[in-house]
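Note that the protein sequences, when read in sequence, are chains A and B. If you're matching positions, the first sequence starts at 15 in my numbering and goes up one per residue. If you're matching positions, the second sequence starts at 286 in my numbering and goes up one per residue.
Careful, some of the hints might be misleading.
[What the hints assert, rightly or not] What follows is a set of in silico ranges between Cβ atoms, one per label pair, in the way DEER data are often shown: (1) A:Phe119 with B:Glu538: 54 to 62 Å; (2) B:Val766 with A:Gly157: 24 to 32 Å; (3) A:Lys217 with B:Leu557: 55 to 63 Å.
Hint data in this document are derived by calculation from the structure and do not stem from the laboratory. Just so you know, even glycine gets a beta-carbon here, dropped at the ideal spot from N, CA and C.
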Amino acid sequence: MRILVIEDEKSLAGLMEQTLRQHGYAAQVVHTLAEARHALAQPFDAVISDRRLPDGDGLDLVKELRAAGNGVPILMLTALGLPKDRVTGLEAGADDYLGKPFSLFELMARVKALLRRTAGAKGLQLEAGNVVLDTLHDTVKIGGKPALFGKREVVLLRHLLQRAGEVVGKDVLEQALYGNSNKEDGSSDSRNALEVAVHRLRKLLESHHATLEIITVRGVGYLADEIKT
Amino acid sequence: MKLKPKLSPAALAKPLQRLAWRGQPAGSLLSRLILRIALLLVAAVGLVVGLTGWLLGQAGDRIQDEFLRRQAAELVSGLQDIPGGPLQMRLANETLNAYAQRREGYTFMVENDAGRITLESVPMARAYLAPALGLKPNRPTLLNTISRDGVDKAMYILTLPVHTPRGVYYLTVGQNRTIDDALLDTATSETFHSLVRWAAPLLMLTLLVAWATLRGSLNPLYRLSGKVRELDVLSGETLALENVPREVRPLVESFNTLLAQLTRTLEAQKGLTADTAHQLKTPLAVLQARLEQLDDFKGKALLMGDVQRMSRLVRQLLHYAVLSQHTANLQLADVGATARAVVGSLVPLARQAGVTLAYDGPDTPLLAKHDSGLLTEAISNLVDNAIRHSPKKGSVEVAVNNRNGKLEIDVKDRGPGIPPTEQALVFTRFWQGPDVPQEGHHGGAGLGLALVAEVMRQHHGHASVLSREGGGSVFRLSLPV
Numbered sequence: 015m016r017i018l019v020i021e022d023e024k025s026l027a028g029l030m031e032q033t034l035r036q037h038g039y040a041a042q043v044v045h046t047l048a049e050a051r052h053a054l055a056q057p058f059d060a061v062i063s064d065r066r067l068p069d070g071d072g073l074d075l076v077k078e079l080r081a082a083g084n085g086v087p088i089l090m091l092t093a094l095g096l097p098k099d100r101v102t103g104l105e106a107g108a109d110d111y112l113g114k115p116f117s118l119f120e121l122m123a124r125v126k127a128l129l130r131r132t133a134g135a136k137g138l139q140l141e142a143g144n145v146v147l148d149t150l151h152d153t154v155k156i157g158g159k160p161a162l163f164g165k166r167e168v169v170l171l172r173h174l175l176q177r178a179g180e181v182v183g184k185d186v187l188e189q190a191l192y193g194n195s196n197k198e199d200g201s202s203d204s205r206n207a208l209e210v211a212v213h214r215l216r217k218l219l220e221s222h223h224a225t226l227e228i229i230t231v232r233g234v235g236y237l238a239d240e241i242k243t
Numbered sequence: 286m287k288l289k290p291k292l293s294p295a296a297l298a299k300p301l302q303r304l305a306w307r308g309q310p311a312g313s314l315l316s317r318l319i320l321r322i323a324l325l326l327v328a329a330v331g332l333v334v335g336l337t338g339w340l341l342g343q344a345g346d347r348i349q350d351e352f353l354r355r356q357a358a359e360l361v362s363g364l365q366d367i368p369g370g371p372l373q374m375r376l377a378n379e380t381l382n383a384y385a386q387r388r389e390g391y392t393f394m395v396e397n398d399a400g401r402i403t404l405e406s407v408p409m410a411r412a413y414l415a416p417a418l419g420l421k422p423n424r425p426t427l428l429n430t431i432s433r434d435g436v437d438k439a440m441y442i443l444t445l446p447v448h449t450p451r452g453v454y455y456l457t458v459g460q461n462r463t464i465d466d467a468l469l470d471t472a473t474s475e476t477f478h479s480l481v482r483w484a485a486p487l488l489m490l491t492l493l494v495a496w497a498t499l500r501g502s503l504n505p506l507y508r509l510s511g512k513v514r515e516l517d518v519l520s521g522e523t524l525a526l527e528n529v530p531r532e533v534r535p536l537v538e539s540f541n542t543l544l545a546q547l548t549r550t551l552e553a554q555k556g557l558t559a560d561t562a563h564q565l566k567t568p569l570a571v572l573q574a575r576l577e578q579l580d581d582f583k584g585k586a587l588l589m590g591d592v593q594r595m596s597r598l599v600r601q602l603l604h605y606a607v608l609s610q611h612t613a614n615l616q617l618a619d620v621g622a623t624a625r626a627v628v629g630s631l632v633p634l635a636r637q638a639g640v641t642l643a644y645d646g647p648d649t650p651l652l653a654k655h656d657s658g659l660l661t662e663a664i665s666n667l668v669d670n671a672i673r674h675s676p677k678k679g680s681v682e683v684a685v686n687n688r689n690g691k692l693e694i695d696v697k698d699r700g701p702g703i704p705p706t707e708q709a710l711v712f713t714r715f716w717q718g719p720d721v722p723q724e725g726h727h728g729g730a731g732l733g734l735a736l737v738a739e740v741m742r743q744h745h746g747h748a749s750v751l752s753r754e755g756g757g758s759v760f761r762l763s764l765p766v
């Protein structure tokens, strides 16, 4: 996995590079937009970019890349970091936004989530705890052994694993499971159906001794997270 | 107004001070003016009444003088010097009778050059007119005489010389003062009394009209102070100069200048704060990253806590500075969705702290005009605080309700709660909870709630805090629907 880090503050860039290496990623650091454009001639699995760079706004690079059809996952770093900055960042095409100062653990978690999401979209493996989901064949392995999951449970698990550690909204899950045909009027039906599906998924995970749990966030949605021992 | 300490018990000093119209405390301009006008009117009326009384008295005296002179002239014209015979008074019988009966208190006598009395209106008229015998007053003069019954009586007396071929005679005429005076006094005092009777109600009426007029004239001032009260100082608004009385215009202009200066200063200060906070972020990020890279050592957790606390402070400073300059972009949207998103994004933080986070609200959209970015910021701050102050295994709930025509966003915790006496203060800048942050405890910077209040101000809403039944607090954001 190759990750491009665009950050003009050299000590911070160095620390990020070091951490990424420790987590097994190949990191390349550049300090300006010009260097970044040059580096991006080659493919990267993800880009971490600051906004305020000596020769411009990192957001402009994001727009350029998206306009050129480059879908590389991008995590913006910024000292701005007001909600509206986050929104403009995401609207410009960035995939995630992290405000400075940040924890390197947080950075790594975001990078992993970012890679996971794109991996899911590309039809690769999603992994959390001892659960592995092959999105290409929709098969589940728990603790290395194949486990038989229903179609709905797999869909549910895929959505939760793509954003493991984050809350996935009920509406998102409902739509993934049942489409939005009955969302307006019979929402209580689909809501019950969602609860039933989650219940079943939990049972399956439990019976296969998965180190992954589905947590209910009342009123909002669900979250899949590793069970820490 | 200063009173001697002996005479001024505190209880007395206050009302006295309020009355003090020469001293500093000008409680109300209107009552000040009314008080002065009332005093002025009372003084003027008193002066007019007194002067009228005095003038009436003067007029009475002059009338009496004039009567006496005419009387004397009539008598002089009546004197007939018949050659060979005695000096005689030839007047209409009626007149003579009136003198004989001392009607209206008139008495006269005539004496010759040698001082011998030759004519008297009544026998012993000389007794009444005795004081004039030696004096011979050539103008009406008030003299004391002794009447037959021995009572002191004042008489107006006038003596005129009458030249005849036989020599000079002196005619002395006098009038009992009491008689005409009584008449005059009655007239005078009646006039005077009706004047006083009319003066009091007239005074009241004048004061009433004065009050109404003054109030009306002060209306522009009342309007002005109303406008000042409603003025949003931070918005850069100024006071309009139209309809402002000329006298107050300089004051309003100075006020506007001051406002402009204040706005400039605030902007500069916010700009500086934002820049500083912004510049601090990168070195803080470096510090935090370096620290995290180090192997575990004693005190690392504390240092990490310190860095995080500082990061929070810097972030809040920046947000506060930027937000107070920011104008909210209010759009009709589902507040429930905004609140749910906040809850979703803060669940990882809550889980780290071992706190359960939940959302409670109807399935139907709760529409209100709001800036979702700003409201997210405000709710996040409240939830973040609630998590921070919750015990392990505690729970924080965000509830959105449409209540009394307002959208209420409640953030409820089971933390230590905020004493009622502190509740009014929590939204002020740099307020710190009663639980002083201990070492390693990531206490807030005291800006989070000020930021919330600022966001609500921009939403024409209101932030408040209540004690929660069973312990903890409820932070409530009310949005107009």
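Exercise. Which of the numbered hints above does this structure break?
Worked result: Of the numbered hints, just 2 does not hold.
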